[in-house]
Amino acid sequence: MKLAAVLATRGAHVATIAASAPIAEAVAELAARNIGALVVLDGAGAVAGIISERDIIRALAAGGPVLDIPVADVMTRDVICGTLDDDLETVLAVMTAGHFRHLPVVDNGQLIGLVTTGDLAQALLQSLAGRVETLEFRLEAEIEQFGVGR
Amino acid sequence: MSSPGPLRVAIIGSGPAAMYTLEHLLAEPELDVTADVFERLFTPYGLVRAGVAPDHQKIKGVTRAFEPLLHDPRVRLFASVEYGRDLALDDLRRHYHAACFATGAQTDRRMGIPGEDLPGSLPATAFVAWYNGHPDYCTLAVDLEQEAAVIVGMGNVAIDVARILCLTPDELRRTDMPAYAIEALEASRIREVHVLGRRGPAQAAFTAPELKELTTLEGATLRIRPEEAALDPRSAAEVERSADRTLARKVQLIQEIAASPGPPRSRTLHLRFCIAPLELLPGPGGAVAAVRCTRTRLVATPSGGIAAEPAGEEEVIPAGLVFRSVGYRGLPLPGLPFDDRLGVVPNRAGRVIDPATGAPVPGCYVAGWLKRGPTGVIGTNKPDAAETVRCLVEDAAAGRLPAPPEPDPAAIPDLLAARGVRWLTCADWQRIDRLEREAGAREGRPRVKFTSLDAVLAALEQAEAPTSAH
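Protein sequence lines, in the order shown, are assigned to chains Y and A. Using the numbering used here, count along the first sequence one by one with no gaps and you end on 150. Using the numbering used here, count along the second sequence one by one with no gaps and you end on 1470.
To be clear, the hints were calculated from the coordinates, so they are not data collected in a lab.
Partial list, computed: chain A residues near chain Y (C-beta under 8 Å):
| no. | residue |
| --- | --- |
| 1 | 1302 |
| 2 | 1344 |
| 3 | 1348 |
| 4 | 1349 |
| 5 | 1358 |
| 6 | 1371 |
| 7 | 1372 |
| 8 | 1373 |
| 9 | 1375 |
| 10 | 1377 |
| 11 | 1379 |
| 12 | 1383 |
Calculated cross-link-like contacts (lysine to aspartate or glutamate; reagent style EDC-like; alpha-carbon spacing at most 20 Å):
| no. | chain 1 | residue 1 | chain 2 | residue 2 |
| --- | --- | --- | --- | --- |
| 13 | A | 1060 | Y | 142 |
| 14 | A | 1058 | Y | 142 |
| 15 | Y | 2 | A | 1340 |
| 16 | A | 1212 | A | 1171 |
Ideal placement from N, C-alpha and C gives every residue a C-beta, glycine not left out.
Can you make the complete structure from the sequences, with help from the hints?
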């Protein structure tokens, strides 16, 4: 299964914030939407980074004022982005190994979605359930035809 | 629910996603529900009838699980009724609490290379519909006078097309292909079939059983080049790491076939890896005559995947017939939003979403390929439909479904009749099914399909006077 299929049923909306916005704005946005991360965009609308709860907690732990500094100072740069053609299981393995939970999805350089490890796990579960369903059906048909086990 | 009477649901389409939606709706405990199924063609079951290969009758047997659903007293089938032509979204809103759209992905993705539209270059999906007797594709021009065919893509559809091109007359006559397709394929002069994958054996989308089947063909030898069957280190690591054991088995099978191809037969099926088409080249008559390809090399993507990029070395494969099989694509439906990039109706877990506001469109749902894109096997539609039905039932319980002003079930036949629509019922489908099976039994085949509405109507009139509804 590809990321396109995961993104399709998640609604295309992605919560974003400008790199120049203050952390206070990010905190308000995270709280209002009840989510864990925002994609940070540069002036041209390209992905500049990602700011998650963890980034903000790290900044708080480091001490000093946090709420008024720009998102750009706290966000994670060098974000790994996915593409629509990426394979679900491969991406899940990379995210698990790299300990990150949010993956922006880009197409032709533009942000088009965000998937979380939770989204991917749920999609994987559905995909596996579908395979089990198909196998069970095939098995029942074989048993009916050949009377296996009767 | 605010309005009295059962929850009225319209289901658009009757393929696997529609049928699983119906199954989950009917199985919902304590839900008083009735459902009307609208199907564009004169027969139900979508791609099970028109997409699953005609020599894969066991897979087509999934309809045995669907059949009782259409006979449920809470369900009516309106076949040969097209949403957007015979019915509009406003009609559905007037007569139903909710509509679930499951019309699939009705077109193909394009390769985006020069020459793609030359005569002789076809979407694999059109060819599949042709040999399955889909009424819209019966007259497709497929030039089987050619000696070589190229299939671009490596999913199960590509493998189906390659296999069908290689079937012997004996093998063809065991299928439920329409007579025109059997005759054309029997007379086919195609001797070389090339299936092209831009990535390697570890990334091929086909599954091992489909590949294995290619080694058992009576009239064709499967050939894989040993150098193309070998894995690059990155792919080898991917196979090693994968939790999916079927991947390792598939790669092993590919390498075994490469090492010891079967004896030469009248046709040769070449499975090629790490090769991508650049351009379709025309012959003197203007039709496609060859495919210019580039060898590819595999590179890592930032997100951990493996992509193919041109490696420089080129190759020209002579072929008078080219099928592109690089994916299906959904089509917009009148009245509903559409995500052109993903080829789906924008939705969250099956609730249709207005992209402008991000808010759900009340009473509108999607299931199957129209919801998640063209991916997965038939069974994938079951959990997919379950998710959609869960949303629908939640919305019904929360009073979020607008009550239809005219919920009387009789309004639908009245409305269709007033518009001059001649629809077929479940009872009609039962008769069609019986006639097709009986005709098949006479020829030692699973069924002989009707491929036009006129023929169906004539046969129904001849058999007995059709009932209007049940």
